[in-house]
Amino acid sequence: MASRKMLDDPALDARLTFIRRQSGLDPRAALFVLSPVTSAEIGDFVRSLQEALYEPAIEYYTNHSKRVRRKRNRHSQANVSYQLPLTTIGSTSAQRPLRPEGWTVRYEYKMACFAEFRGEDDIALKHYHDAYSALHIMLGSTAILPPRTKRWAEAKVLADCISVKICKLYLYNNEHAMALAHHSSHMRLFSDLSRGWGIGEETFEFWSWLARQHRVFAELLEQGTRSTLKIPTHLPSPGVASQTQETQRGSLEVEAMRALGLNPTQALQHPGFYYYMAARCTENRRDRYLRALENESSHHASPGFVNERKVDHLSIVLELYTRAYELFKKYSTSSSQSQGRLTLWIAYLIAQTYYESGKFEMAVRFFERIAKTYRREQWDALLRPLLSTWYRCAQHLGDMELSVQLLLEIIGHGPQDDQDDPESLEEDLLAVLKSTVPSSDQVLTVDLTESGPLLDTSAVFWKSHVNVDQAAAFQITLTAPEIISLASLPFTSLLVQFSGDLPSITVQHTAPESDADVSSLQKIDLGDLSTSSSDNEDKDKDIKANLRWRPGDTLILCGNLTSSVPSNMTVSKLVLTLKEGNWNIDLPLHPNSRRSGTIPYPRWLGSLSPVRFIPVHRDNYSFVVVRHRPHVVKVSLSSEGPAYLGEEFPIVIDVTNADDRELDIVVDILLQPTEIEEADNFISVDEERSSSLIKGVEFGVLPPGVNMNKTLYLACSGAVGDRVIDISVQSRSMASVSPTTPVTPQSPSQVADTGETLRTLVVPTVDPITATHHVTYRRSTKPSPGLGDLDTFEGDYWDDAGEAHVVTTMTSVGPSGIFVEGLKLLREDGTYAKVNESTVDQDEDEFLTEWHTGDEFCDQCRISLARLDEPLGGGYIPGPGTYEVSWRRLLPNNQKGSLAKTRFSLPPLKPPSDGLIALLNVPNTAKLHQTIPLQLTIRNGHPTKSANIILQLEPDAVTDGFVVAGIRNGRLPILLPGGEEIIKWNLIPIECGWVKVPKIKVMNRRPPPPSAHGQAHDVEGEGEIVEVVDVRWDGRPEQSVRTSVDVARKSVEVPKVEMHPSDAAQFAAVVLVLP
Amino acid sequence: MAPQLRLNAVAFVSPQNHPILIRTFEQPRQDELKYHYIAHTSLDVIDERIQAATASKSTDCYLGLLYVEDVAVYGYMTPLKVKIIIALELSDSIVRDADVVAIFKALHTAYRRSVANPFLRLNVPTENVTDHSILVSAGNSRWQAFRKRVDEIGRASYGFVPSPLFLVTSKIQ
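Keeping their order, the protein sequence lines are chains A and B. Going left to right, the first sequence walks through residues 1 to 1075 as full-length UniProt numbering numbers them. Going left to right, the second sequence walks through residues 1 to 173 as full-length UniProt numbering numbers them.
It should be emphasised that the hints constitute simulated quantities derived from the structure, not laboratory data. A few of these clues could be false.
[To be verified] Using 25 Å as the maximum straight-line C-alpha spacing, the simulated SDA-like pairs for lysine to any residue come out as follows: (1) A:K945 to A:G978; (2) A:K901 to A:P878; (3) A:K329 to B:I50; (4) B:K57 to A:S332; (5) B:K34 to A:A267; (6) A:K330 to B:Q51; (7) A:K910 to A:G1035; (8) A:K710 to A:E687; (9) A:K372 to B:S93; (10) A:K329 to B:R96; (11) A:K230 to B:H18.
Please read all numbers here as calculations on a predicted model, not as lab measurements.
Just need the whole structure built from these sequences, with the hints factored in.
Shown next as structure tokens:
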């Protein structure tokens, strides 16, 4: 029928109608025929089917619901009247009709189902809840539902089913907390009921039921998570305090409640937990069952018990645990790097179950894996039950090696809290050793270094460093724990291994002669051990000790280690050997290990009687560093006083080999960079020169006691200050270059025997000579050329603007004298200044002598200045020359140092400028009654202002010693800027001696500039007084304030003329008149 | 609403996940091993929480409810990474975080005071100050005070409603 060609068959309609009629289908209702569709189209087909059916289905179930609701309402109205008779009848008859409560449950359940079919989850949930609570009431009364009847059993199962439905509907709605709350309240309610029914917590029925509940819930969650269910995370809300404010707002009350905390019983977890719970319950179930089995007689009739007997509890447990394990693994985020502890815990339970079910090999495999983590994290409490189960597995498997190993580990961990007596484990071990033979003759090595060691050990060295061939004392302490007895374990020997080439030593057991001899502390001397004694290793030391430890006993092995090569010496391993029958067991011990939970507590046995220990307060007590003996090299540096700038300052480095070995000496010299400005320093040794580092200056091989020196030259320039030199003297022992001792392959790589001696030298550097300058300026006496003078346009025309006198004082300031070999003034004539003459040029030989500290040398030099065309930048004319002093340092042994040169340039010049000035020129001497000329040059140096000069000669009637011929009082033509006027007088002296020249007053009749000074002179009303300068005594300091202290006033030979405008009026030139 | 939090067990775990001290207060005393396992397995969840906390840059010591078995397990990590785990008896009521934090603070203080004991470091090599084994040894049976302090807090949770104030004053004595 469902083929393509049938679709076109004319008989199709008739046939379909027939089918409809036959099936009693409504003509409106749809009839679906599965048409031949490809698998790709099947989805569409199903969807169309659903679309077509959805509406009618909803309608259908709605109608059903309505019908049921009508029935229920009718029933509940009839309830009151029918209740009593029904109860009486129901109690007697076995096949009684349903009670009204029963009907309620029935209708509610139906309505819930229909609502669920309609997809109305909320309504379904409500009806399920009603059904559930009605059912709970029914089950709560033994009168309504007597326990252990068929209907009771049905009701119980129904309640469980409804509970699951409710949980599921909650989860649909993402209400995890409600779902879990319902789940737990269901379990709680029915636990209470179960107690009433006589299937309380002591019965396997109860646990079976509880396990089922957990399992169903877990499966539900698992199904849910496969689709859209998300397991919530219960992270604490950030900041409890901040959330309290929200509660005050009171808006989101539910949120706030959640923020404050949550009900742990309502925190949904991933399904693994519920599988785990189910497994635990099943374990309990088995437990109860086994207990029931013991008193079987009372129970055997019960059908439940018969049923229980068929159940393989362990495989159920195993299945549940395995599922839990997988889920825990899936949900653990603590990824691959370590196996999760939760999964380990489940794995442990699985292993226990395997053990219970007799699959010992599986169990052992699990235990091996689990124990690793527990050992590493030192959870002894967890390890102990694990080990004991493991041990029992090993016993069952007959694996004697494993048994022995585990027993030793258990002993290492100590007894469980109190149940074992301290000797039982030891007895167990001995029993195993005596009763069995090992599977092979090979030595069994039981490595307990990861887990708890049998003995507390500590290896302590007294010193942290020793030199080569020097003995290092050590003590190895082996202490038995106090909580467990090892006294009867038959240890036969103890092997002590050291690092490197040191020979190992075996201590043999020897029984004490009598028990009275045995003290709790034994000290055994192992003697001196050294790397060089390895040849006579076969020399049997035959060390014996009592290798039996009673609780708390201590064995101390002491001795000295010596190494001929630098290395780290340590006790690398201790191996206890235990022999019993065919058993031969090696127990390696770490030289420094403690039982977990105790702090390593290194101590040194100070004395044996009384026993006294010295605590070792050192971190690296467990090894000793062997080093070469330090080289004894003496280094002395000698130099004379401070270095002078410019010279090559000799520093003698003297190296003495004070050791008893031949040493190869190499010196590195580093000149530290300085922060001194313009410092250009370098050092030189032999032919090497460097401004920073000279490396590898060979001093050669020095035999013991030999010394050698080299001279290092330090040359400094720039400013004074300290120069720092680091000198590193490296010595290398010649013995280690060609080692005489054969190097065994396992010895550490040869450490070169080197030493280094460091010296730092600070060389103060000073100037040998300092120079000071004093400058005075003189005005030109030459008449200035006219403005149009053609000569001034010549290239070599020197527009004379006066002279500068420079007095230079050089002082030898160095602490040791110098010998001056040459002193020159190097001329560097410039545009505006040139050196006219200098005293240095004249008598050179006189000053080429030794200059000692404080000696001074003075030079005068005249510099001719040219008129400035324009003001200079900075205002200074550079000094037109440089003094160069060539000198050698005077060394203490009458020798002279290297030739050095020091230069001082002439100071920069700044000639003062004049405004309006009057220069008085008069001869120094005159003869009585013979005419001398007096000449006054008035020069207007002002750049812009012209001058209106009034001249006044004021002969003094009383004191005048001259007769004057010339102008007495007059006015000069206006003097233009740059102009000059010369006025001449003739004087005839009429007195002998120092005679004053008549006073000449020069006034400039122009309104004075409105300055404070000008105001003062305004009193005279005439105008500004012009300064009159006697050119014979002309000399001015620089205009600008030169604060330099180097103006040595005492050396100035020219009388200082301090011109002050107010003095100018009183100025009077003096002439010596001779008879 | 003042729910009485019944403290069943307390565990202190060192930063290297070695147990420092595990005390159980359940009456009658039974199944102490169970709490060892609970403490150990909680470390997994704590690791998870720490990762989450570092991701969200949270500096809160309180790690919240770790998981629920037949007890509710809560975790706390001190700034120096010592983990404190407590097991509270299940009761069908909301456990306020503030109450749990108060218990943790009290336990943390107890631990801090015990580690501050200068005699813990007696005879220990002086350079060894950062060695965690000292912290672990604080839980050793030789040091009674720590146990006493923890037990006192445990008893307090059994006997009284734990108000933070009470816990603090009980330690100051």
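Starting from the hint list further up, note which numbers the structure goes against and sort them upward.
-> When the structure is compared with the hints, numbers 9, 10, 11 turn out to be violated.
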